[in-house]
Amino acid sequence: MNSTPTYDSAARGAPFLRELVELARFRDLLGLLVNNINKTRYRRSALGVLWTLLNPLLNMAVLTFAFSQIFKFDLPHYPVYVLTGLIAWNFFSQTTTYAMNTLIWGGSLLRRIYLPRSIFAVSSIGNGLVNLGLSLIPLVILMLLLGHPLYATWWFLPIAVLLWAMFALGVALFMSALAVFFADVVEMWGVAIQAWFFLTPVMYPKEILPERFIWYMNVNPAHNLLELFRVPLYLGHVPGPNTIAAAVAEAVVALLVGWWVFTSKSNEIAYRV
Amino acid sequence: MTDNDLVISLADVSVRYRVPHERIPTIKEYAIRWLRRRIRYQDFWALRSVSLEVHRNEVLGIIGANGAGKSTLLKVVARVLQPTSGRVRLWGRVAPLLELGAGFDPELTGRENIFLNGTILGFCRNDIAGRIDRIVEFAGLEEFIDAPLRTYSSGMYARLGFAVATDIRPEILIIDEILSVGDAAFQEKSFDRVRSFLGDGTTVLLVSHSLDQIARLCQRVAWLQHGELVTVGPPDEVIARYRA
Ligand SMILES: Nc1ncnc2c1ncn2[C@@H]1O[C@H](COP(=O)(O)OP(=O)(O)OP(=O)(O)O)[C@@H](O)[C@H]1O
Ligand SMILES: [Mg+2]
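From first to last, the protein sequence lines stand for chains H and R. The first sequence begins at 1 in the numbering used here and counts up one residue at a time. The second sequence begins at 1 in the numbering used here and counts up one residue at a time.
Please note that the accuracy of each hint is not assured.
To be verified - To spell it out: a stretch of chain H is covered by chain R in this simulated footprint if at least three of its residues, at any positions, have a beta carbon under 8 Å from a beta carbon of chain R; those stretches are:
no.: 1; region: 101-112
no.: 2; region: 127-137
no.: 3; region: 177-188
no.: 4; region: 222-232
no.: 5; region: 257-271
If you're looking for bench data, these hints aren't it; they were derived computationally from the structure. Backbone N, C-alpha and C define an ideal beta-carbon position, used for all residues, glycine too.
Using the sequences and the hints given, assemble the complete structure.
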């Protein structure tokens with residue numbers, strides 16, 4: 001039985017790839033974590049899973065009302081514009097925040113037992129995808145109510161979601177690695193993402209920005225990804241090749257950097273949490 | 001004993017816990033101190049150059065005072081901690097009984113927790129589904145299995161954890177002072193289960209403060225002191241020296 005050991009602490013080879021193999025081995029736990037997060041979250045509220053549907057809707061109703069009173073945006077079916085933006089943004093802000101919190105929760109576990117450390121970030125993304133899927137229902141209802149066309153370009157949605165998920169996972173891994181080492185990262189991220197929200201045209205059309213700020217939109221990765229999500233659903237055409245190329249690059253770079261930072265620090269995590 | 005029977009090999013394993021001198025909880029403080037080159041750590045070596053080989057079918061006891069590094073040694077074998085230096089190699093699946101019921105969620109029912117804890121131990125779902133009745137029966141919790149875990153007593157917690165982790169005969173069993181949980185009847189039951197694995201190809205690492213238990217189960221005993229391996233040998237000899 002002695003040829004290759006089942007575990008070798010001195011094994012060569014990138015932690016980068018090893019983590020992937022381990023994740024695959026623990027895929028059943030991953031599924032369970034995604035599920036249980038949902039179950040525990042909704043178990044105690046009477047409306048249960050209905051909240052997932054109502055939450056973005058109520059959120060949107062409040063924001064739409066406030067914004068359309070203050071600013072007179074020249075956007076047809078403004079609520080549809082807002083809701084498409086909010087769904088994408090909520091996915092990003094919820095999954096990244098959740099990943100950090102579950103890693104800190106899972107920390108007590110990682111001190112006792114071996115698990116692939118990235119499993120908490122990955123399950124947060126899985127959970128976010130479920131919620132995103134659910135919140136498409138109120139979106140469709142809203143479109144029907146307002147008479148907004150259901151464009152054929154909805155087919156592009158899975159691609160946009162995939163790129164958002166890659167980007168969010170990369171950011172989530174990077175931030176969780178930081179959060180293990182510094183206690184204030186979770187709060188700082190809360191503030192940062194709020195600021196980022198207002199700096200990104202989620203609620204307002206990018207045209208209201210002065211000409212000299214246009215360059216900034218192109219360096220804000222959230223903007224390209226947002227366009228990818230919104231353009232096919234709201235405007236009914238496929239995003240331009242430049243936008244797609246930029247979004248792909250952002251998603252891939254974020255994921256690779258996040259994955260690399262996290263896996264190269266992951267052996268220290270059990271010492272820290 | 002041929003080298004083909006080697007199951008656990010530790011070569012010059014050291015573990016360093018690095019405790020910051022003062023707590024540096026925030027990035028801001030860290031940045032300020034880093035600029036002033038003022039980050040100081042206190043290093044604590046919980047294991048120092050431990051080398052140890054354990055073979056198939058062997059039960060190795062580990063004894064030593066509080067803080068000697070016994071749990072740290074088990075964690076290195078269970079892959080929880082990567083050794084700071086040295087090399088750990090294993091041949092076989094590990095069932096770590098470090099703390100029972102790691103990852104139990106008090107809001108979920110006993111049944112749901114069996115799946116959660118089982119997948120945390122690396123089993124797959126279908127596999128657990130096929131064994132769940134046996135697990136519940138061994139834990140003796142048939143009447144409570146659909147109640148949330150927060151309604152369980154701590155003994156019931158431990159019984160469920162032990163039942164999940166030991167349902168399948170593991171190749172390597174790591175036990176950290178858990179044979180003394182539960183009531184007398186369950187202690188006897190879990191003791192019997194560990195015994196039933198012996199001789200079947202399971203290798204056991206057992207940490208216990210009960211020298212009596214160690215003498216009853218182990219073929220060899222390792223004595224740790226301040227992170228160093230003092231001696232490894234037959235139970236009566238090592239225990240006699242440890243007591244002296
Ligand atoms: N996470 C940690 N950070 C810093 N020091 C630690 C950490 N965990 C353990 N130590 C230190 O390492 C030493 C060995 O701890 P360990 O838990 O291995 O002891 P032990 O032999 O299991 O003791 P006991 O008999 O009390 O269970 C102790 O002095 C402890 O203070
Ligand atoms: Mg201990």
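Hints, verified against the model:
1. For the region 101-112 of chain H, the proposed coverage by chain R is satisfied: 4 residues have a C-beta within less than 8 Å of a C-beta in that chain, meeting the threshold of three.
2. Counting residues of the region 127-137 of chain H whose CB lies closer than 8 Å to any CB of chain R gives 0, so the stated coverage by that chain is violated, three being the minimum.
3. Residues of the region 177-188 of chain H lying with their CB closer than 8 Å to a CB of chain R number 6, which satisfies the three-residue condition for coverage.
4. By the rule of at least three residues with a Cβ nearer than 8 Å to a Cβ of chain R, the coverage given for the region 222-232 of chain H is violated, with 0 such residues.
5. With a cut-off of 8 Å between beta carbons, the region 257-271 of chain H has 3 residues touching chain R; three or more are needed, and the interface restraint holds.
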